[in-house]
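J.: Given chain A, put chains B, C and D in place with the hints provided.
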Amino acid sequence: MDKRLPDLASAVAPITDGSVIMIGGFGSSGIPFGLIDALLEQGARGLTVISNNAGAQETGIAKLLKEGRLAKVVCSYPRSPGSIWFERRYEAGEIELEVVPQGTLAERIRAAGAGIGGFLTPTGYGTLLAEGKETRVIDGRGYVMESPLHADFALLRAENGDKWGNLNYHATARNFNPVMACAARHSIAEVRHLSDEPIDPERVVTPGIFVHSVVEYGVRP
Amino acid sequence: MDKRLPDLASAVAPITDGSVIMIGGFGSSGIPFGLIDALLEQGARGLTVISNNAGAQETGIAKLLKEGRLAKVVCSYPRSPGSIWFERRYEAGEIELEVVPQGTLAERIRAAGAGIGGFLTPTGYGTLLAEGKETRVIDGRGYVMESPLHADFALLRAENGDKWGNLNYHATARNFNPVMACAARHSIAEVRHLSDEPIDPERVVTPGIFVHSVVEYGVRP
Amino acid sequence: MRNLTDTELAARVAQDIPDGSYVNLGIGKPTHVSGYVPEGREVIYHAENGIIGVGPTPAEGEEDLELIDASKRYVTPAPGAAYFEHADSFAMMRGGHIDIAVLGAYQVAQNGDIANWATLDNTFPPAVGGAMDLVVGVPTILVMMRHINRDGSPKLLRECTYPLTGLGVVSRVYTDLAVLDITPAGFKLVELTAGNTLDEVQALTEAKIHT
Amino acid sequence: MRNLTDTELAARVAQDIPDGSYVNLGIGKPTHVSGYVPEGREVIYHAENGIIGVGPTPAEGEEDLELIDASKRYVTPAPGAAYFEHADSFAMMRGGHIDIAVLGAYQVAQNGDIANWATLDNTFPPAVGGAMDLVVGVPTILVMMRHINRDGSPKLLRECTYPLTGLGVVSRVYTDLAVLDITPAGFKLVELTAGNTLDEVQALTEAKIHT
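Residue numbers (the UniProt record's numbering), protein chains in the order written: chain A, 1 to 221; chain B, 1 to 221; chain C, 1 to 211; chain D, 1 to 211.
Isolated chain A (complex conformation):
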């Protein structure tokens, strides 16, 4: 078993027009910048991106927005300082936006990876973001029923990877990467160090069973 690929282009080659793609990262930390650039080069369009943010300035997801590759974004915080391309596409009505509270976003992604068909969360109960959703009150506390969020692909950023696809992360670059790895049909990781030796089993954060290909990309932003 060897999940290593020689370059970013091979890693993103399976992505097709209209794919649903999870992209790890929070702020500028843990974003797979190399894979996003390769995806831009690859040319797929009409994509749905599930990610915490929608990019800033001309980096990461902002590039995909600038080039008009996205049909929809599912985010908790699309509007950040410098998220000019998101704002431009949104104001022009060129992209669909689904805003999800951050914890619900993480939990919906986890549910997809864990085979859970739905869950009751207190988050958002009684607010605009629960409108049209099933709710119930248990022991005096209100809950909203939320559904799993699946994806065709996940683009991940990790610190170390091995040929079995095992991954671990650096500091707060972990964020959404592990949970997204489990929720996509095909998960692709760019890693800072790709080793011939296996990662110590105690230090694996994302077991290789969740990862379909690994490619080395040494740059740390």
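In short, the hints are calculated from the structure, not lab data.
Don't be surprised by glycine CBs; every beta carbon is placed ideally from N, CA and C.
Among the clues, some could well be false.
[To be verified] The calculated SDA-like cross-link candidates involving lysine to any residue, where the alpha carbons are at most 25 Å apart (straight line), are:
| # | chain 1 | residue 1 | chain 2 | residue 2 |
| --- | --- | --- | --- | --- |
| 1 | A | K63 | A | H186 |
| 2 | C | K72 | B | E202 |
| 3 | B | K163 | C | S21 |
| 4 | A | K72 | C | A127 |
| 5 | A | K133 | B | K133 |
| 6 | D | K29 | B | I84 |
| 7 | A | K163 | D | P56 |
| 8 | D | K188 | D | T5 |
| 9 | B | K163 | B | P6 |
| 10 | C | K72 | C | G104 |
| 11 | B | K63 | D | A127 |
[Unchecked claim] Quick look at which bits of chain B chain C covers, simulated, 3 or more residues with Cβ under 8 Å:
| # | region |
| --- | --- |
| 12 | 110 to 122 |
| 13 | 156 to 166 |
| 14 | 205 to 216 |
[Claimed, not checked] With the C-beta cut set under 10 Å, the calculated list includes, among others, these residues of chain B facing chain C:
| # | residue |
| --- | --- |
| 15 | M1 |
| 16 | C182 |
| 17 | A183 |
| 18 | E197 |
| 19 | P198 |
| 20 | I199 |
| 21 | P201 |
| 22 | E202 |
T.: Just chains B, C and D now, with coordinates in the frame of chain A:
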């Protein structure tokens, strides 16, 4: 902040009659034998124990059963080779038993720790263990609604601990310990090594926020 | 009228953070509270992006570009820190493990409702982040904000007019003019910024202030 | 009648485990399958108690008492192994990430129903373990068992009479007498143990065997 306690007896002192107690472990691995012995000594009775197994021979939970301290067990696999004290109490009608599929047990415990009010799992749909439970069919797949499982106390076994209550584990002794740590009002860990130095933040498995006291118990079974 | 500066307000909130507590500081002004917690108290700060035990800002040139807090500021790990992923981070928040959250707000109502994520301006794309998870999960929600808007309109209301973040969740509000608890009866005065009178503050508050 | 021994049966199942697959072996006889997978195939074994990449049994005296599989046997980590906790382990199972599970069974019905956790004997305390999670989560469920009970009664049935573990989940059944697929039409013969005839095997099978 210093969550270290000098001995097992101090650690289990807050447990009262009728408490609901989660106990980590699977088979003979990751069981907090020291804390269980201390609990036996401490004398609390009428306890509900939530654990994967119900003890074997004269060790661990089997001792609590032998001494008549338990009113109820919630387990996925109470009957193991040598689970004589469980079988004896069960046959005599002296304890209540709730059998939960193992993954549902882990997920119900996780839900309690994560503030989730309930979840839909395909596990057990159409079987005896779903009788009387709410079910629904989504995209042709059947699901059972399961509720969170809370506890007053959790007794945990870890490899390393520090004064902030951070923990990590050894090999398959991890099992139910991390998820139980999050679901109890008061979690108590016995650790093989208790250090003055903090555990490397990358190697923490259970952050100290989930752990209320830590006590050194050097024996590895 | 005497208005606390942002720095004075952060210092005032910091007085109420007890030793040994686990605290989440919202983005923006609340992040400054940690700088003013009195000496001798050990407070452990959680950032939603996967660290508990947020330490001081690194020295210039020593920043780790992949070690940030929820405001995207560079941070360091404090002793006893831990890293974890997002689903676990929000389990920590929603599951009631964090003791206190300090948040900014557009509006707070006398029943403890809070609005801090969206206005009525529909041309502005919405962004909610982690605020809705914090307010349902953390037992003590402290709000720090200006008492009134720039245009003079009140932010302490009988009912919020902006979309809600959470219902009946706020414990206490710290403004430049006063500190107020949320009680079953509504806003209750804890203290006035020295030099202000209740009448002056009431005049800038839509809801009734009880004493 | 020619009956495969337990060893021969494990070896037969092992032939059908492809290179590169992630496999969970149920407790009891299925655990022996890993010893017979043909040379040159890398198969990664998952144990529900928190390890993926289960390696061989350790040499005597080198056992790690806290490194066991779901059958509570001492194991070693294979290269590329990882440890994790129980909620994650069952996410792996229930979430469809494992390719194949090999399970024992009391009964299998022609529609793929399986009963392997409880009998009709109510004096015997029930114990379900992880079987219900495996059968709903793993896309390919292989059952290995004796074709008939010790008393001669059939285990391959029109309908299960024992409490079910899962509904319509079994892909293929390997017995000492034959290998049978579950198809929309019911049991379909894949092969007979050399020396047996279809008539002989059908006579020991309650449900119809299609060819």
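J.: Classify the hint on B/E202 as holds or violated, based on whether any CB of chain C lies nearer than 10 Å to its CB.
T.: holds, 6 Å
J.: Within a Cα-Cα threshold of 25 Å, do B/K163 and C/S21 meet the stated pairing?
T.: holds, 15 Å
J.: Could you check if B/I199 really has its C-beta closer than 10 Å to a C-beta on chain C?
T.: Interface hint status for B/I199: holds (8 Å vs cutoff 10 Å).
J.: For the pair supplied as a hint, C/K72 and B/E202, confirm whether the alpha-carbon distance does not exceed 25 Å.
T.: holds, 20 Å
J.: Is the Cα-Cα distance between C/K72 and C/G104 25 Å or less?
T.: Holds - the C-alpha atoms of C/G104 and C/K72 are around 17 Å apart, at most 25 Å.
J.: Once the shortest beta carbon distance from B/P198 to chain C is found, is it less than 10 Å?
T.: Given a least distance of 5 Å, the restraint on B/P198 holds.
J.: Tell me if the straight-line CA distance from A/K163 to D/P56 falls inside 25 Å.
T.: The hint holds at about 20 Å.
J.: Between A/K63 and A/H186, does the CA-CA distance stay at or below 25 Å?
T.: With a Cα-Cα distance of about 22 Å, the restraint between A/K63 and A/H186 holds, given a limit of 25 Å.
J.: Can you confirm whether the C-alpha distance between B/K63 and D/A127 stays at or below 25 Å?
T.: The given pair, whose Cα atoms are some 20 Å apart, holds under the 25 Å limit.
J.: For the hint on B/C182, does the least C-beta distance to chain C fall short of 10 Å?
T.: Holds - the Cβ of B/C182 comes within 10 Å of chain C, reaching about 6 Å at its closest.
J.: With a cut-off of 25 Å on the C-alpha distance, tell me whether B/K163 and B/P6 pass.
T.: OK: B/K163 and B/P6 at ~12 Å, within 25 Å.
J.: Given B/A183 was flagged as interface, is its beta-carbon under 10 Å from a beta-carbon of chain C?
T.: holds, 8 Å
The structure is consistent with each of the numbered hints, conforming to all of them.
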